[in-house]
Amino acid sequence: MSFLPLSFGFTPVLFGLLALPVIWWLLRLTPPKPQTEVFPPLKVLARVLKREETPQQSPWWLTLLRLLLAALVIMALAEPVWNPRERVAAGGTTLALVIDNGWASAPDWNRRKATAERLIRDASDSDTPVILAFTAEKPNTEIGPFDPEAALERLNAAEPRPVPVDRAGTYTRVNEVLPAGGGASVALLTDGLATPADQTAFNALLDEKAGRLVWAAPDRFAPLGLTGAQNEVDGLHLTAIRAPGDPAPRRSVVGAFDERGRRIGDATISFAAGEANGTGVLQVPFELRNDFASLRIDGQDQAAGVRVLDENDKRRRIGLISQSEADQAQPLLSPLYYIRRALEPFADLVEPQTTDLAQAIPQLLERKPAMIVMADVGTIPEPARQQLVEWVQGGGTLVRFAGSRLAAAGNDEELLPVRLRVGERSLGGSLSWTEPQAIAPYPATGPFAGLPAPRDVNVSRQILAEPGTDIAERTWASLTDGTPLVTGAQRGRGTVALFHITPEATWSNLPISGSFVEMLRRIVQLSRNQGTATAAAGEQAPSLRPFQMIAANGALVPPGPDARPLAAGATAVSIENPPGLYGGEEGVVAHNLLPAEASFAPIVKPTPPVPTSEIAYELDGSTPLKAPFMLAALVLLVLDTLVMFWMGGVMRRRPRARLAGAITAALLAAFVVAAPHDARAQDTRPGDEQAVAAISRTRLAYVVTGDNRVDEISRAGLEGLTQFLIEKTALEPAEPAAVDIAKDELAFYPILYWPVDAGAPMPDAAAIARVDSYMREGGTVLFDTRDQFASGFDAGGTPSNERLRDILAELNVPALEPVPEDHVLTKSFFIMNDFPGRYSGSPLWIEASAEAQNSDNRPVRTGDGVSPIMITGNDLAGAWAVDSSGAPMLPTVPDDPMQRTYALRAGVNIVMYMLTGNYKSDQVHVPALLERLGQ
Amino acid sequence: MPQIGEAVASTLPSDALSRARTRAALVPDLLVEARRVVATVISGWHGRRRRGIGENFWQFRPFVEGDATTRIDWRRSARDDHTYVRDREWEAAHTVWIWADPSPSMLFKSKGATVSKESRALVLALALAELLSRSGERIAWPGLTDPSSARNGAERLAARLAHAPTLPARPDFGNVRRFSDVIVVSDFLDPVEETVEWLDVLAKRGARAHLIEVADPAEESFPYSGRTEFRDPETGEKLTAGRAEGLADEYRALYRARREELVRHAKRLGWSYTVNHTDRLASEALVSVHFAMSGGGGPRT
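Keeping their order, the protein sequence lines are chains A and B. Just so you know, we're using this note's numbering here: the first sequence kicks off at 1 and counts up by one. Just so you know, we're using this note's numbering here: the second sequence kicks off at 1 and counts up by one.
There's no promise every hint is true.
Using 20 angstroms as the maximum straight-line C-alpha spacing, the simulated DMTMM-like pairs for lysine to aspartate or glutamate come out as follows [claimed, not checked]:
(1) A:K43 / B:E261
(2) B:K111 / B:E6
(3) B:K111 / B:E229
(4) B:K204 / B:D172
(5) A:K43 / B:E220
(6) A:K43 / B:E234
(7) B:K111 / A:E37
(8) A:K43 / B:E245
(9) A:K827 / A:D922
(10) A:K33 / B:E237
(11) A:K43 / B:D172
(12) B:K111 / B:E260
(13) A:K43 / B:E6
(14) A:K827 / B:E194
(15) B:K111 / B:D279
(16) A:K33 / A:D640
(17) A:K743 / A:E777
(18) A:K138 / A:E777
(19) A:K743 / A:D772
(20) A:K43 / B:D249
(21) B:K238 / A:E37
(22) A:K605 / A:D198
(23) A:K138 / A:D122
(24) B:K238 / B:E250
(25) A:K43 / B:E260
(26) A:K43 / B:E193
(27) B:K238 / B:E6
(28) A:K605 / A:D246
(29) A:K743 / A:E810
(30) B:K204 / B:E220
(31) B:K267 / B:E194
(32) A:K43 / B:E197
(33) B:K238 / B:D279
(34) A:K43 / B:D67
(35) A:K920 / A:D834
(36) A:K33 / B:E229
(37) A:K33 / B:E6
(38) B:K111 / B:E245
(39) A:K33 / B:E245
(40) A:K33 / B:D172
The hints are simulated quantities; they were obtained by calculation from the structure and are not laboratory data.
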């Protein structure tokens, strides 16, 4: 099987394939077993059957299928392995395994680990002790020798570090523990990247103690490294390096991420053919650049492909100095107003607390601004001036604006770009022949190059520069007559610029044009922050605590346990100081893996005096194929079974539909069982159906007292009222509902008719509480003591009344009153004055509408809400009650048919009042409202 | 795959005794069933309980003017002063021979059928016996009983059937006389020539036969498919069909041709031919045969 990457664990089993011809012979001879059927009319059938040739042999494809099945089983038993791994015969008394786990190993760490694991496993076969060392670990890490199992555990625990490797130190330490007798195998699993001390390291390790060298290096070193990001005028200039000698041009995309890891910019870095350095420009708006927190080369999951950015690459701090007190009443005339408005979007503005220049300038300089804008500042007091000069020399950008004070002050060689003439020049005034001047196109060499010159800007007054030999090159912008408008000059590492006009709109309208903003932006982009925030805060912090670290795979992670604070000025990347951001929320310093001048050099394979073998980094790609083979055999078996069914006629039998139905049902059942329908199922609760039934239609409800007679009358009464409602009104309630106030949900019903029965058991406190909450939430309870007749002579003393009092004592009952004449209840459907039931005479008590006023003699008093309680003694249900034929069940007292009608009308009014509330009280005022509207 | 058809009892010829026992166990139930079936058939048999030309005594009645003096029964007349005439019962070919096929091929019941063919055949035979004996006919089972008239003729017949050790595969029609009716309940699955041959005895004797073919739906529709081995319950012979569904059309044609031929034969002789499927009601055949025996209509299929 050399032509296939396939080998077998137990080759002898393959001799079983020899049995295939026998199986074939057996299969050919054995037809499938027939179905046996008793069949009386066989004689008739025999006449038919004689003509048919009965197939006595299996069809050839079925035989083939079964042979294939048998072959698969045999081959599966032989334990086939795809891609069998090569064995590295390391041998030797000890295996010293030194693995580079620096940042360059991160992308294919698994591959390296697999290779190392192979070596250790081979060592474990011969029970060789293993020295396991990693070059990017702390020097005090234990390196062995271990037994192979422990070495494997340590290998699995190891991971790449985002730091450069330290071969020299590690190799020396390994050499110290190598057995003195020699004969040890040394396996160097390198990352392919040279370090300066390589040769020393190899010499230290590969002395007479090493009997054999196993060398592994990646075929080609693919990682890219970001070495720099310079914030320039037109964008963020990126530089990157790759391994030298790569002949192909290469383009990589660099993504810029903000603090929260969102990608906000893209750039392409291109490497020319054979070139190890690549550049790219990240062209995004300046404001957006300030938000960059890190840059990452796409597809490079290692630390060198990531670069973190700190404050130095971000927003500039700009100090603003003005000598005149800001006039709050006239902000548009404040010298700094337009500058502030122009700079705010893309810079941090810093203003001193005082206008005293001697204090203001040192204050500003403490903040280490990138740029200082001075609006019409004349003479600067001496100590401050000296500091300012030093700051400019050190790289600061000073932008000055002219004005009367500057015009009056003397020349300052160091803080002005050009020599100025004393006094200012006025254009277009009454004593001038010249017109106000426009701005000429910007010179192509200045910082404003490329900006369109504004055509609507006029300069009517300016300060003139003394003509000089270098005036032209210092002119950044000029008027159309050639006089300089903006001049600038280098002072040391810094820049001094002068606008020959005032920063407000008195001398020219440039400050209120869009061009002004663009010009300031350009100048801001020239500037550099002159220090970090923490340094600026005045702390002499010796070190910065780790804030966010670059992990070996390039991700930004919280600092690990090994990270130590970064000493000020330290640049070396080590285990203690892994690359990343140091500092805190208020300001960070970027500590990047690769310095700007870094380059990748390929490692040189040593030529020791010991035998050397070379291995490649490879994953253990061997795949046992036993399971797939068995699976295939199983699939064939299922297929064979189906074929047998088909040949046996199962599929064609008469009950095919039934069988198919059964199969479908079984499958469906399986799906239903497997389907995640729990979410819906758990939603239903017992009692849902009753609830749905109760609320799908409006129902009148009565309280079940427990006395069958009373309940029957209640039910019949509400039934009668329901019928009356259906006949007379648009409301069509469903059958009345019997409600057990202790158990049933009350909120479904607008009204509860409660016949108070002294004989019924007193409802318990919980039930009363439920009724109370029902009333508070908008329900209405109609209590009916049904004792008007009995209490005719002794009001208030009946048992039902007593019981009602007991019940109400536990309810929050509002103040009550008999239905007043102008209450909406008297007009909600029928106009009626009293509310009789079987008896008449008992008033209907409802909640007193104390605050309701009936001014203007309106038909109905105004007032919101519906009375939560009604009390009557007239036995309303008794009057409403009808039997199944619709005939009244109980006589009224006195026996007056109209009283029954009135009782039903009272019921209609009550129900309408319940359902419509004060709508009716508004409705009766419609004529008045219409009249008021003039219709 | 369950079988479509099954033998309801042992079908080996040597197991005659056990089969007889099975049948005996079956007969009482079938008798009840037969009576139930009969109850659904309104007995429209013309009344025969009257005097007429016949063999059997009917009554003595006083001699009246006009009677032939030769008919005076002197023995009876000598007992008193009156003269009596001996009347005989009117008899019009009124012996009905009933025979149901007891062969093992009848012991078959497919899934679609409600009862086995044998059961259906016995039910039909007993039902007819009940029906006929209720209306006073003389019923007989060839080879088992002689013609006799009794109200409980069906019961008697059932008792005899239950006690008969073995029943011959072919009926012995030696006692059948002219003008008798013969009811043959069978599946008629033997080759038509053989069937016609043993039925021709009846034709020669001038009897009128009513053939009832009891057929199982599986025999008729042939619902088999796939590789199937068919076994004949009578001979034990086996046939294997590779793809049974391919035979169905041809088989059905042959099966029907056999029936057609029998029907034609019966029609030619003036006999009736009724087919009853075991998935249908027994009363259907009963009504049909009853109708045929009452002289209305020709044979039905």
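Hint check:
1. A:K43 / B:E261: Distance of about 16 angstroms is within 20 angstroms: holds.
2. B:K111 / B:E6: Distance ~8 angstroms between K111 (chain B) and E6 (chain B) Cα, so the pair holds.
3. B:K111 / B:E229: Satisfied, since the Cα-Cα distance of roughly 17 angstroms is no more than 20 angstroms.
4. B:K204 / B:D172: Distance of about 14 angstroms is within 20 angstroms: holds.
5. A:K43 / B:E220: The hint holds at about 14 angstroms.
6. A:K43 / B:E234: Given pair K43 (chain A), E234 (chain B) holds - Cα atoms ~10 angstroms apart, limit 20 angstroms.
7. B:K111 / A:E37: 12 angstroms, holds
8. A:K43 / B:E245: 17 angstroms, holds
9. A:K827 / A:D922: Distance ~11 angstroms between K827 (chain A) and D922 (chain A) Cα, so the pair holds.
10. A:K33 / B:E237: Answer holds: K33 (chain A) to E237 (chain B) is near 18 angstroms, not above 20 angstroms.
11. A:K43 / B:D172: 24 angstroms, violated
12. B:K111 / B:E260: 26 angstroms, violated
13. A:K43 / B:E6: 17 angstroms, holds
14. A:K827 / B:E194: Not satisfied, since the Cα-Cα distance of roughly 102 angstroms exceeds 20 angstroms.
15. B:K111 / B:D279: 9 angstroms, holds
16. A:K33 / A:D640: Measuring from Cα to Cα gives roughly 14 angstroms; hence the hint holds.
17. A:K743 / A:E777: 17 angstroms, holds
18. A:K138 / A:E777: 72 angstroms, violated
19. A:K743 / A:D772: 14 angstroms, holds
20. A:K43 / B:D249: Roughly 16 angstroms separates the two Cα atoms, so the pair holds.
21. B:K238 / A:E37: 10 angstroms, holds
22. A:K605 / A:D198: Distance ~10 angstroms between K605 (chain A) and D198 (chain A) Cα, so the pair holds.
23. A:K138 / A:D122: Violated. K138 (chain A) to D122 (chain A) sits at ~27 angstroms, over the 20 angstroms cutoff.
24. B:K238 / B:E250: 19 angstroms, holds
25. A:K43 / B:E260: 17 angstroms, holds
26. A:K43 / B:E193: 13 angstroms, holds
27. B:K238 / B:E6: 15 angstroms, holds
28. A:K605 / A:D246: 19 angstroms, holds
29. A:K743 / A:E810: 18 angstroms, holds
30. B:K204 / B:E220: 31 angstroms, violated
31. B:K267 / B:E194: With a Cα-Cα distance of about 18 angstroms, the restraint between K267 (chain B) and E194 (chain B) holds, given a limit of 20 angstroms.
32. A:K43 / B:E197: Between K43 (chain A) and E197 (chain B) the Cα gap is close to 17 angstroms, so the pair holds against 20 angstroms.
33. B:K238 / B:D279: 26 angstroms, violated
34. A:K43 / B:D67: It is violated: about 62 angstroms lies between the C-alpha atoms, which goes past 20 angstroms.
35. A:K920 / A:D834: This hinted pair holds, its Cα atoms lying about 18 angstroms apart.
36. A:K33 / B:E229: 9 angstroms, holds
37. A:K33 / B:E6: With a Cα-Cα distance of about 19 angstroms, the restraint between K33 (chain A) and E6 (chain B) holds, given a limit of 20 angstroms.
38. B:K111 / B:E245: This hinted pair holds, its Cα atoms lying about 17 angstroms apart.
39. A:K33 / B:E245: Satisfied, since the Cα-Cα distance of roughly 17 angstroms is no more than 20 angstroms.
40. A:K33 / B:D172: 43 angstroms, violated
Comparing the model with each numbered hint stated earlier shows that hints 11, 12, 14, 18, 23, 30, 33, 34 and 40 do not hold.
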